[in-house]
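S.K.: So the chains spell out like this:
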Amino acid sequence: MPSAQPAPDRAPRALRGMFDVQQWGIVFVLIALVIVISIAAPVFLSARNIRNVLQQVSTLGILSMGATVLMISGGIDLSVGSAMSTVGVVAGTMLKAGIPVEIAVLAGLVLGCVIGSVNGMLAAFTKAHPFILTLGTMTILQGVAIIITQGYPINDLGARYAVLGGGLVGPVPLIVILFFLVMIVCGLLLRFLRVGRIAYAIGGNEYTAYLAGIPVKGYKILFYVICGFFAGLAGLVLSSRISSAMPSLGAGFEMNSIGAAVIGGIPLTGGRGNVWGTLTGVLLLGIINNGLNLLHVDASWQYVVTGLVIIVAVIIHERRQKKR
Amino acid sequence: MAAGPVLQIRGIRKSFSGVEVLHGVDLDLAPASVHAIVGENGAGKSTLIKILSGVHRRDGGEIRVDGVPVEVLSPRLAQGMGVVTIYQERNLVPHLSVGENILLGDVPTGLLSVVQWKRLFGHAAEILRNLNLDLDPRALVASLGAGEQQAVEIAKALYKKARIVIMDEPTASLSSAEIDNLFRLITQLQAERVSVIYISHRLDEIFQIADRVTVLRDGREVITRPIGEITKEELVKAMVGEQVDTTRLGAVAEGETLLELKGLSVTGACHDVSLTLQRGVVIGLAGTLGSGRTQLLRAVAGIDPVERGSILFQGHELAGRGLREFIRRGICFVPGERDTRGLVLSMSVAGNTTLANLDAVTHGPMMDLPLERRIARQYMEALAIQARGPQQEVQYLSGGNRQKVMLSKWLCLGLEVFLLDEPTQGVDVGAREEIHRIMKKLLDEGKGILMVSSDLDELMNMSHRIAVMREGQLAAVLEARKTNRQEVLSYAIGTARP
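From first to last, the protein sequence lines stand for chains A and B.
Start counting at 1 in the first sequence, then tack on 59, and there's your number in our numbering.
Start counting at 1 in the second sequence, then tack on 977, and there's your number in our numbering.
I should point out that these hints are in silico values taken from the structure, not numbers from a laboratory.
Worth double-checking, as some hints may not be accurate.
Claimed, not checked - When the alpha-carbon atoms are kept at most 25 Å apart in a straight line, the in silico SDA-like pairs for lysine to any residue are as follows:
1) LYS276(A) to THR1086(B)
2) LYS276(A) to LYS1137(B)
3) LYS186(A) to THR1086(B)
4) LYS1137(B) to THR1086(B)
5) LYS276(A) to THR1339(B)
6) LYS186(A) to GLY1297(B)
Claimed, not checked - Computed footprint of chain B on chain A, listed as stretches where at least three residues anywhere in the stretch have a Cβ under 8 Å from a Cβ of chain B:
7) 250-260
8) 271-281
To be verified - To list a few chain A residues with every Cβ distance to chain B over 12 Å, as calculated:
9) LYS155
10) GLN209
11) VAL228
12) LEU247
13) ASN264
14) TYR266
15) ARG331
Just so you know, these numbers come straight off a predicted model, no measurement behind them.
C-beta atoms are modelled at their ideal positions from N, C-alpha and C, and glycine is treated no differently.
Chain A with its partners taken away, still in its complex shape (with noise of 0.2 Å):
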């Protein structure tokens, strides 16, 4: 019965595909803990409240587009907090040295490309694991942080670098609209660019991309580039919000960005998952954060819980890939 059931598929599904959430589990997971902490807190739906969840998870969110479309091309970047770092304290010594904020910013975002490219390359040109490769990096760039700062924080960086971090559009911040900005063009770009399906492909099979005349090893170094400039942004914005550059800035967010693609569905072999997952995965991790600190547990908690969440999430989406 080869043509007995034509699939309904017509231009909506293109749209429908754009929003097919894949991970309903961890969706329903996040539901069931907003009703909870919203009945033990009851100001964790206050207005002022949701505006600092999101104000806090967008750094993190943006951080972590550029990873998921670096992991479902099947690679990996460990260095992403030390390019923070790195991105920030570059920025925060221009600053100081009266460089007008425009070249900062865009000084630090050309820096986050080139850490990128230099990632890129190392994992397309060598046969050495991604993973330990950008550990070396991470580990170099952790340093450079330090030697350009001495390890002292740059603080006090102006009121006009501020408005990156802490700028408001009416009622919403500025930080907010530009995750959701970050976070549409990573969704458009995997959904209907080349360059998606190449990264999709790359990371499905990369032997069968490379069979089907794709250069795979420019692709890669593209999707490293593309996650190193969303980590260069999200040192600026983050340094701008604290209005402080030190070289542990961004500490902790290359683990934090790597646990939210995976919490949202993309395995670590890649090829699967897209920016809805990931976007679940950061607002669990950004809730559980808030809501305990609602409830008054002690920080060191969350990260017990948070390591929880991403182990629970990892083993619902391997029994559900193994179910299908």
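Starting from the known structure of chain A, arrange chain B on it as the hints suggest.
M.R.: For chain B alone, coordinates are given in the frame of chain A:
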């Protein structure tokens, strides 16, 4: 001592995913004898030895060792009964010494489990001496040549008190001096009352070393004879059987030359191969495993680098160019390992169909998804691909449908030369016929096909010419209509020479 068989096999049957590959095989192995098993690729030799060594479980039949029936076998149990298998791919730990490898799992230890190196190496040296092997027990296995490593495996088997040693293509990677050495070791094994099951494509060797020979064909034992009572020609005939050739390809009015290989060499794989492929023609590449036919195909696809010689496609020199240039000119490679190399399993039918042809479904950087689905649906219809729709992930399709999706990826590019590696491996009969139908359609459109297949029937029926590879060289190019399976096989295993 009564000379009853050490190993008796009766009616062994085995199926893989519903397809029976062994239909009741019998075998008697006499003590201290060398028993050769021969057969074409896919005759069931590998399955049989994997059952004997405990890797696969048999579905039916009886195995007796020294007259005692053996119920369930695992690799460990098999070794416990003295059945040791030496596979083509060596089973040694390369970064340990010869001595440690020989005594692996049984290293002598003293107080606090400290290894007694002196005893270990002394013991190993004694075993090596018994075999007249001039090997240092302290040498690292990784530093040894292929023949020496094999000798270590034999020493290891002897240490384990092996009574039956199974050797799978033991000479495949050996030089002729090393082969002489191996035969000396086999003779010594016989002197130690060890029996050997010897599997090889090389008939010359079998006549040199074996006492008896069994021919397997299509999972059945065809004949078993003492080696002195059979000739090489009879052996080859038994291997191929008396087959009536049915639907061969029709004659072809040979057209324009598409592809010309001149003196093509690939490092470590093939040497000085010259072939010409015209429009509308299929050349089948025959040869045993390791004959270099797949490597030749990969080089012609632009995947592996060419050492010497030229690849002329419609007059353009392609040797030394990259894979993308080959595709741009019109040559594509359809790999044999469909799931691991040919498809992105996590992508949809549509995504796989257009993967090599993204230019046709993009406007600038934008994908035209509706157009992509239309193209995919077109190929689903043309090739009768059964899927829920173009959006279904290919991992949920059956093997035959996956194979057709992989083909549509290249069909939609409209190229001229198709390099097919095992195009029907692992698909059912229906899908196989459909794939052959697609190939015939390509010929009608004036394409050229170069095909590697281990299936001799497929080669005979779906080729115009058969190029037989042997040890990296072109042994013969035969007209498929004028040759027969026996002749092809003779060239492949080297009993006939050009």
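S.K.: Indicate, hint by hint, whether the structure satisfies it.
M.R.: A quick look at each hint next to the structure:
{"no.": "1", "hint": "LYS276(A) to THR1086(B)", "verdict": "violated, 51 Å"}
{"no.": "2", "hint": "LYS276(A) to LYS1137(B)", "verdict": "violated, 49 Å"}
{"no.": "3", "hint": "LYS186(A) to THR1086(B)", "verdict": "violated, 40 Å"}
{"no.": "4", "hint": "LYS1137(B) to THR1086(B)", "verdict": "holds, 18 Å"}
{"no.": "5", "hint": "LYS276(A) to THR1339(B)", "verdict": "holds, 21 Å"}
{"no.": "6", "hint": "LYS186(A) to GLY1297(B)", "verdict": "holds, 23 Å"}
{"no.": "7", "hint": "250-260", "verdict": "holds (count 9)"}
{"no.": "8", "hint": "271-281", "verdict": "holds (count 4)"}
{"no.": "9", "hint": "LYS155", "verdict": "holds, 39 Å"}
{"no.": "10", "hint": "GLN209", "verdict": "holds, 44 Å"}
{"no.": "11", "hint": "VAL228", "verdict": "holds, 29 Å"}
{"no.": "12", "hint": "LEU247", "verdict": "violated, 10 Å"}
{"no.": "13", "hint": "ASN264", "verdict": "violated, 4 Å"}
{"no.": "14", "hint": "TYR266", "verdict": "violated, 5 Å"}
{"no.": "15", "hint": "ARG331", "verdict": "violated, 5 Å"}
Checked against the numbered hints above, the structure violates hints 1, 2, 3, 12, 13, 14 and 15; every other hint is satisfied.
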